[in-house]
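Protein chains in written order, with the numbering used here: chain A, 1 to 231; chain B, 1 to 231; chain C, 1 to 231; chain D, 1 to 231.
Bear in mind the hints are in silico, worked out from the structure with no lab data behind them.
All copies of an identical chain are treated as equivalent in the list; a pair is satisfied when it fits inside any one copy or across any two copies.
The calculated DSBU-like cross-link candidates involving lysine-lysine, where the alpha carbons are at most 30 Å apart (straight line), are:
#1 K192 to K112
#2 K92 to K112
#3 K192 to K92
#4 K126 to K206
#5 K199 to K92
#6 K206 to K192
#7 K92 to K126
#8 K206 to K112
#9 K3 to K126
#10 K126 to K112
#11 K3 to K112
#12 K112 to K199
There are 4 protein chains.
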Amino acid sequence: MTKTEFRSTMTVELIDHMGSDESIARSARVSSGTSGTEEQNVGLLRMLMRDRHGSPFESVTYQFRIECPIFVAREFFRHRIASYNEVSGRYKVLAPVFYVPDPDRPLMQIGKPGAYRFEPGDNVQKAVTVRAHIRAAETAWDYYETLLASGVAREVARNVLPVSLYTSFYVTLNLRSLFNFLSLRWAHEDSKVPTFPLKEIEAVAKDMDRLAREVCPVAFEHFDNHGRVAP
Amino acid sequence: MTKTEFRSTMTVELIDHMGSDESIARSARVSSGTSGTEEQNVGLLRMLMRDRHGSPFESVTYQFRIECPIFVAREFFRHRIASYNEVSGRYKVLAPVFYVPDPDRPLMQIGKPGAYRFEPGDNVQKAVTVRAHIRAAETAWDYYETLLASGVAREVARNVLPVSLYTSFYVTLNLRSLFNFLSLRWAHEDSKVPTFPLKEIEAVAKDMDRLAREVCPVAFEHFDNHGRVAP
Amino acid sequence: MTKTEFRSTMTVELIDHMGSDESIARSARVSSGTSGTEEQNVGLLRMLMRDRHGSPFESVTYQFRIECPIFVAREFFRHRIASYNEVSGRYKVLAPVFYVPDPDRPLMQIGKPGAYRFEPGDNVQKAVTVRAHIRAAETAWDYYETLLASGVAREVARNVLPVSLYTSFYVTLNLRSLFNFLSLRWAHEDSKVPTFPLKEIEAVAKDMDRLAREVCPVAFEHFDNHGRVAP
Amino acid sequence: MTKTEFRSTMTVELIDHMGSDESIARSARVSSGTSGTEEQNVGLLRMLMRDRHGSPFESVTYQFRIECPIFVAREFFRHRIASYNEVSGRYKVLAPVFYVPDPDRPLMQIGKPGAYRFEPGDNVQKAVTVRAHIRAAETAWDYYETLLASGVAREVARNVLPVSLYTSFYVTLNLRSLFNFLSLRWAHEDSKVPTFPLKEIEAVAKDMDRLAREVCPVAFEHFDNHGRVAP
Numbered sequence: 001m002t003k004t005e006f007r008s009t010m011t012v013e014l015i016d017h018m019g020s021d022e023s024i025a026r027s028a029r030v031s032s033g034t035s036g037t038e039e040q041n042v043g044l045l046r047m048l049m050r051d052r053h054g055s056p057f058e059s060v061t062y063q064f065r066i067e068c069p070i071f072v073a074r075e076f077f078r079h080r081i082a083s084y085n086e087v088s089g090r091y092k093v094l095a096p097v098f099y100v101p102d103p104d105r106p107l108m109q110i111g112k113p114g115a116y117r118f119e120p121g122d123n124v125q126k127a128v129t130v131r132a133h134i135r136a137a138e139t140a141w142d143y144y145e146t147l148l149a150s151g152v153a154r155e156v157a158r159n160v161l162p163v164s165l166y167t168s169f170y171v172t173l174n175l176r177s178l179f180n181f182l183s184l185r186w187a188h189e190d191s192k193v194p195t196f197p198l199k200e201i202e203a204v205a206k207d208m209d210r211l212a213r214e215v216c217p218v219a220f221e222h223f224d225n226h227g228r229v230a231p
Numbered sequence: 001m002t003k004t005e006f007r008s009t010m011t012v013e014l015i016d017h018m019g020s021d022e023s024i025a026r027s028a029r030v031s032s033g034t035s036g037t038e039e040q041n042v043g044l045l046r047m048l049m050r051d052r053h054g055s056p057f058e059s060v061t062y063q064f065r066i067e068c069p070i071f072v073a074r075e076f077f078r079h080r081i082a083s084y085n086e087v088s089g090r091y092k093v094l095a096p097v098f099y100v101p102d103p104d105r106p107l108m109q110i111g112k113p114g115a116y117r118f119e120p121g122d123n124v125q126k127a128v129t130v131r132a133h134i135r136a137a138e139t140a141w142d143y144y145e146t147l148l149a150s151g152v153a154r155e156v157a158r159n160v161l162p163v164s165l166y167t168s169f170y171v172t173l174n175l176r177s178l179f180n181f182l183s184l185r186w187a188h189e190d191s192k193v194p195t196f197p198l199k200e201i202e203a204v205a206k207d208m209d210r211l212a213r214e215v216c217p218v219a220f221e222h223f224d225n226h227g228r229v230a231p
Numbered sequence: 001m002t003k004t005e006f007r008s009t010m011t012v013e014l015i016d017h018m019g020s021d022e023s024i025a026r027s028a029r030v031s032s033g034t035s036g037t038e039e040q041n042v043g044l045l046r047m048l049m050r051d052r053h054g055s056p057f058e059s060v061t062y063q064f065r066i067e068c069p070i071f072v073a074r075e076f077f078r079h080r081i082a083s084y085n086e087v088s089g090r091y092k093v094l095a096p097v098f099y100v101p102d103p104d105r106p107l108m109q110i111g112k113p114g115a116y117r118f119e120p121g122d123n124v125q126k127a128v129t130v131r132a133h134i135r136a137a138e139t140a141w142d143y144y145e146t147l148l149a150s151g152v153a154r155e156v157a158r159n160v161l162p163v164s165l166y167t168s169f170y171v172t173l174n175l176r177s178l179f180n181f182l183s184l185r186w187a188h189e190d191s192k193v194p195t196f197p198l199k200e201i202e203a204v205a206k207d208m209d210r211l212a213r214e215v216c217p218v219a220f221e222h223f224d225n226h227g228r229v230a231p
Numbered sequence: 001m002t003k004t005e006f007r008s009t010m011t012v013e014l015i016d017h018m019g020s021d022e023s024i025a026r027s028a029r030v031s032s033g034t035s036g037t038e039e040q041n042v043g044l045l046r047m048l049m050r051d052r053h054g055s056p057f058e059s060v061t062y063q064f065r066i067e068c069p070i071f072v073a074r075e076f077f078r079h080r081i082a083s084y085n086e087v088s089g090r091y092k093v094l095a096p097v098f099y100v101p102d103p104d105r106p107l108m109q110i111g112k113p114g115a116y117r118f119e120p121g122d123n124v125q126k127a128v129t130v131r132a133h134i135r136a137a138e139t140a141w142d143y144y145e146t147l148l149a150s151g152v153a154r155e156v157a158r159n160v161l162p163v164s165l166y167t168s169f170y171v172t173l174n175l176r177s178l179f180n181f182l183s184l185r186w187a188h189e190d191s192k193v194p195t196f197p198l199k200e201i202e203a204v205a206k207d208m209d210r211l212a213r214e215v216c217p218v219a220f221e222h223f224d225n226h227g228r229v230a231p
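Model the full assembly from the supplied sequences, consistent with the hints where possible.
In structure tokens, the structure reads:
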């Protein structure tokens, strides 16, 4: 039996990008036919963000490669203004890499939908959680290998695998769509609108924010300053 | 322990719809400012389909409710010109309903990606497949219940569940997007472009086709006659 | 020469619709697997609007027929999450119906982009405005007819016509996309985010709001109460 | 009065781009987890195009700047899977640049919608066409300037201008959306599906094709070889 591997982290790589703060300003300025200095562009981008002139932010595009568990990818793919290519369990024998919560992952959910609080969980809960993730994954992987060894098609065998299995995909999206993703998937202290993201997708969002921010730092600064609501 | 349930079928219900063959014709005729008899509309819809004038087909919209395994929903949600609301494992204790292939499900995959053929599989393969699906599901469900009983959050506990678990969702989409879905997810004998859908999503596509067809039979007839390519 | 006609008003007809407040609630409740009374649905829709759970609002769809000048249609068609079918100057001899501002249309623009104020304009400005609209339209129409009479193709002849010419189109869109349209195209007193729409598209937005509101009054009430920002 | 200017040409500039043939291959290969040589990528892209695996082509994005008459922009903006920023007649005093057909522009339209043929037109038709375009533009521009001189708002004054007026805009779109645009807006000899584009937008499409092709020549070669249908 192939040895299973367990991870708690997500992988986010910036593969490619197009555009910059300057592209956003240039696209916006076509409407008025003006040009501006770098300093004036800062003010222009602030105004675009404040008044929800969102279309110039679509001039910046990114491609990322993401590794995360299926249960995270399931939430990610609900964002429709983006392009996806993902590992296929039909075309490929999958790799035995599974998610297990790290000790800092809050385990207790208190309150009602829309207003959950999370608390760490005690040592018994931590132990049960880690054990269940590992055993469920190992058992499932064992069945998966058995099915493949019996000559059963990959697309049937993979049905037994849990949503904690890691998948990987490329996502291409523009900055406006990324801002929308970040506004919903990161409960940032600057967020004006409350959001309750799953911790694991929040980890992905944080990495995307950090990498994408370098491409157009002024746009991100205004995003932060205007409550992290997508324009 | 709650008793697990196993199914091989998909559920597709047509919840609501808007428009008809007549709506498609009316939307198309605005461009030329003409009106037409029912018989002339048949010819008009044929021409729209043949010449890929797709936008009038967006006048018809549907809402469906679907029950299917997560591995099917994962493929479904890749269709971005549609609206989705799905059961959430964060908000709800999930129900122990799992997929198991029925005896007719082909189990052997032969050939290369893009040109797979499928064959039934022998009795050993059938037995191994059913057993693996059932045992993997039961084991996972056992861990899920243990985690919940220990007070672990639903959104953490569900990680151990397999992609064979049934989910349910509402999908709202227009006829043009539906045609695209059907062209890719049903290897219909009238299809001009070859496609290799997963059997389980093909079952969903067939039901959607049957229900949607009653709303605008002429549009569907031309879709069949023009190779089942979305206009 | 065909007699030209001048209008100041817009036409907005609700042709068809799908769904209701109940549909929105039903789509939202699939996530938690609950059901609720009509009164509980009111609270649910409030929560969806407040917390920007936008997808359930996509369960309601509308088809409208609009008559407006080309310069209004040009702004309307920038809304991409919608389906359009419009009169074609290539396929049809156009009708000589043109826009002229009515006496209440503010004519003076004061201030800077992003912060314009408008004032009525004096009697000279009103007279010049009406005269210019009428004469420009009549002159253009004369050239259009001359070109057609000379056997020149409709698609070439129409180039001489002004953007004040009326066009008509069908638009199909869902409630979430409509809320976004309304948030940008009507400077409503309840709007939390400032917007500076063109008066003529604002007239269209007001009519769409009035007609669409009857289909799902609870959703619209919460839209108003939450600053008319699309969820 | 400002001197009016007349053009028959379109301007298409490639401002920025992301990705390459290699990006398309890399995105596609994530599904099977394989890698390949440059030569194998050529075969892979062929297969993607043939079997309509369209999503990897969304890994390549472009930004163009376009100058064209309003009647061309009106058709262009019907392509919704793209991002636009355009000159605004509300924010800017427009420039007096107008379209006039060049001597090669076919002027006679023969046949029915969906099956038009075009013929050159005789010398009288050519003269009438040029004269009507010039006179209509000059008259309209005269009214526009009179209105501005009277202190009437730009957004009102521009109503008198014809759709032959040049506009300019930035458009950002991915390769898959571009292929769809090209399939509909260029009646290319390799096109498998008949299309009847307006000559003036066809000129834009040809320039976009030429510039975009350099970024990913293999993808474009397969597009040509597979009937110029978007995957």
